[in-house]
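Engineer: So the sequence lines, in the order shown, correspond to chains W, Z and C. The first sequence begins at 2 in our numbering and counts up by one. The second sequence begins at 2 in our numbering and counts up by one. The third sequence begins at 2 in our numbering and counts up by one.
Just so you know, these hints were derived from the structure itself, not from any lab. Don't take each hint at face value.
Pairs involving identical chains hold if they fit within one copy or between any two copies, as the list cannot separate such chains.
Below, a list of computed lysine to any residue pairs in the SDA-like style, where the Cα atoms sit at most 20 Å apart [claimed, not checked]: (1) 95 / 288; (2) 247 / 83; (3) 247 / 166; (4) 290 / 279; (5) 77 / 45; (6) 90 / 279; (7) 163 / 85; (8) 77 / 292; (9) 195 / 283.
The structure displayed is predicted, hence computed values, not measured ones.
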Amino acid sequence: MKRYLQVDDIGDLKQALKDAFEIKQNPYAFKQLGENKTIILVFFNSSLRTRLSTQKAAMNMGMNVMVLDINKDGWKLESEMGVVMDGDKPEHIKEAVPVIGQYCDMIGVRSFATFESKDDDYSEKVINQFIQYSGVPVISLESATRHPLQAFADLITIEEHKQKERPKVVLTWAPHPRALPQAVANSFAEWMKKAEVDFVITHPKGYELANEFAEGASIEYDQRKAFKDADFIYAKNWSSFNNYGKVLSQDKDWTVDEEKMALTNGAKFMHCLPVRRNMIVSDGVIESKNSIVVQQAANRVVSAQTVIKRMLEGL
Amino acid sequence: MKRYLQVDDIGDLKQALKDAFEIKQNPYAFKQLGENKTIILVFFNSSLRTRLSTQKAAMNMGMNVMVLDINKDGWKLESEMGVVMDGDKPEHIKEAVPVIGQYCDMIGVRSFATFESKDDDYSEKVINQFIQYSGVPVISLESATRHPLQAFADLITIEEHKQKERPKVVLTWAPHPRALPQAVANSFAEWMKKAEVDFVITHPKGYELANEFAEGASIEYDQRKAFKDADFIYAKNWSSFNNYGKVLSQDKDWTVDEEKMALTNGAKFMHCLPVRRNMIVSDGVIESKNSIVVQQAANRVVSAQTVIKRMLEGL
Amino acid sequence: MKRYLQVDDIGDLKQALKDAFEIKQNPYAFKQLGENKTIILVFFNSSLRTRLSTQKAAMNMGMNVMVLDINKDGWKLESEMGVVMDGDKPEHIKEAVPVIGQYCDMIGVRSFATFESKDDDYSEKVINQFIQYSGVPVISLESATRHPLQAFADLITIEEHKQKERPKVVLTWAPHPRALPQAVANSFAEWMKKAEVDFVITHPKGYELANEFAEGASIEYDQRKAFKDADFIYAKNWSSFNNYGKVLSQDKDWTVDEEKMALTNGAKFMHCLPVRRNMIVSDGVIESKNSIVVQQAANRVVSAQTVIKRMLEGL
């Protein structure tokens, strides 16, 4: 495995799950694979879960880990070609990335959508430069349009908690005070469409995801109708794709609360975290016994370690 | 050992000292205990000694270490219950803490007094949330009211340098330009009262420590009188407890200088560092052969390692 | 080896190169040397290559590594003697440095020229305080006047790429929007004068390096004349030494471009990075097959590891 950006990079999901549960059972069984191997985690943005869980996963594999908050520790990076670099960015990504690649066997990169340009974001400009120039395998720690370690952890969590062969999984938009990327929703949709689930997306009009992600999922604009008989409710805010990066609604009628959860089939509540209480979800729901957000976050180690193991095997 | 916040958590001080000297003698003898174990050090505040010495202690024990400057690396944390999270804090401590607990076997937390609320500070609101929600053992790296790794290091240092069975130890307030927490003074008092020493606290009126810490110590408002025959002078600034968080005096007559040290029984000079020269202590005293501040800081590794070892044994 | 600040600290360059190539060949062969040994990397300034390559080098040697961004993680340090510390710097370097020394076996320090005082910078005030007070070996990760790990990596790179016994190596000044230290140019000059090369420095009038560095090198004010028959072009900006810290020129006629490279003997292009494209060097030159800036950066691991290995052997 040379890159991990999207669902297709992991191949067969059943096999991926099998590998993941083997690792979860026995996290230190593969330490010799990572001996004398180094991963660098490059952050353009803040991170709590991703930072810690990916470090933990790499250490479980016996690797050395270096963490780089690139804009704070290093130099601001220019990514445009052909510019005269006389401004505030002293280093070009075309130098920085191959150099980072020289110091490690694997790179993880977090680089959120900036909303400056839909084309730049949806062409995955930054992470693709890491793939193109680094010379080593690249793991997305959330890119502009996808968050594949999260989606893999989500799948693992659903597999662990499902009560029936083919559960109903609902991705619901929920309100948030700021404009957020579509990455988590995109990846979750991408994964759920390939998984053994009935998948429904619900959101207000105007919040349609990009075609490549929404296509093939059931879209339901009535949140209550969508929740009916659901086994898993996955809440997440995202900003508009069509009206790119805009907040069209902060309607708290979309907040996930006890009354709406009562419409479900005793659904488990999921969210990738961080979550804003009483915007996305009520205190009552997130603190209920059906909330599995912490178990979901714990599986971030498992998804990361499964991906790292495959990459190590492919070196 | 499931928590390390205060003197009672360490049990018998003689046994603690015995364990500490065993570790100091042979710091790498217990590396197998920490194999495949991870500690996360969470900093809400700046740190030099605590950051480095606790990392070193954990590495000496063979552990993996992750350091999280939570407000810089992660997300600002909300700690109030029941709020609508539509402001600048995107994550609640009730999610963040259990998640961090999923990624490690042990957490160290530094969270200073904020002086916003005496009740919040003295109820140890933040570190108690880590104890309540993390699911793993918690070590205080200085909380709102105590600094127990410092106090343990102080005790070790006194034990190493004492010339008589029962030395006289004086904690003296000294001036400082800003409002500092009472944590170091509180913990030092808590430990000295249980140690085999004659313990005196000296400070200007208005700087009385909280009852639970001051009670049982000799209080002497005349600094020069307090210094008489002292074997150890421990200098520290703190802000007022009664007039909570206020700087009542910056009187340089309280600065520890050569003239006052001459009143002692050739006392050793101690301070937890960082120290403001010529406010807390004169250049001459801190550079004298009787200054043991560096040895004291070195013992921070020993106290941390002793605590970590006990926690590892209790996992 | 107790310190690594300048070319003389490495001794015979041929032996140094021999050691370096042995390490490059077999980077993990000496891991037992670093067992239970710790290096602390202290950064007063930003760093990408130095931060990552020195960490990697130390991990290759089996060491524990701690990284300290001292002004962000720790406390701002006072370095003046005799001051009343009532301002914004709560810790004195005379306490901080010996304490750091207690927590490790070796310190790396990055502390750039501040341009506040030519005397302070050229007397290497900060790094000399680390040498004087830490009690452990000190490696320069770029000091006010020198960057010796870079210069050693440069020498290794030239050795690997040279086509003739005694190549012609040209250090050329090039324009930059801000005032940069002379450290890289100084160290490169210091090393090249001792290496088996013909060494020429070219720069506009007013950009003469300090005597101790320039003396013995050929100085040529006509850049095109200097480039004639060159085998290596090493570009770098620096601010004026005589008119200390001033930017006297931003003349783009000094930018290294294809037309000027055509004057050379098919010279390799070198730069320490980060490099400002189309100021220092054209896109065409830095992306050409003769550009060896990435290989040069990769050798930063080799130079650092060679130095660390010698220090470990000397402990």
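Engineer: Now tell me, hint by hint, if it's right for this structure.
Structural biologist: Hints, one by one, checked against the model:
1. 95 / 288: between (46 Å within a copy, 9 Å between copies)
2. 247 / 83: Intra 31 Å, inter 28 Å, cutoff 20 Å: neither.
3. 247 / 166: Neither way: residue 247 and residue 166 sit 38 Å apart in one copy and 63 Å across, limit 20 Å.
4. 290 / 279: Answer is within: at 18 Å inside a copy they meet the 20 Å cutoff, but 57 Å across does not.
5. 77 / 45: both (10 Å within a copy, 17 Å between copies)
6. 90 / 279: Cα proximity of residue 90 and residue 279: across copies only (13 Å, versus 40 Å in one copy).
7. 163 / 85: Classified as neither; 56 Å inside a copy, 31 Å across copies.
8. 77 / 292: Answer is neither; intra-copy 40 Å and inter-copy 22 Å both fail.
9. 195 / 283: Neither, since 30 Å and 47 Å both go past 20 Å.
Violation of the numbered hints given earlier is confined to hints 2, 3, 7, 8, 9; the remaining hints are satisfied by the structure.
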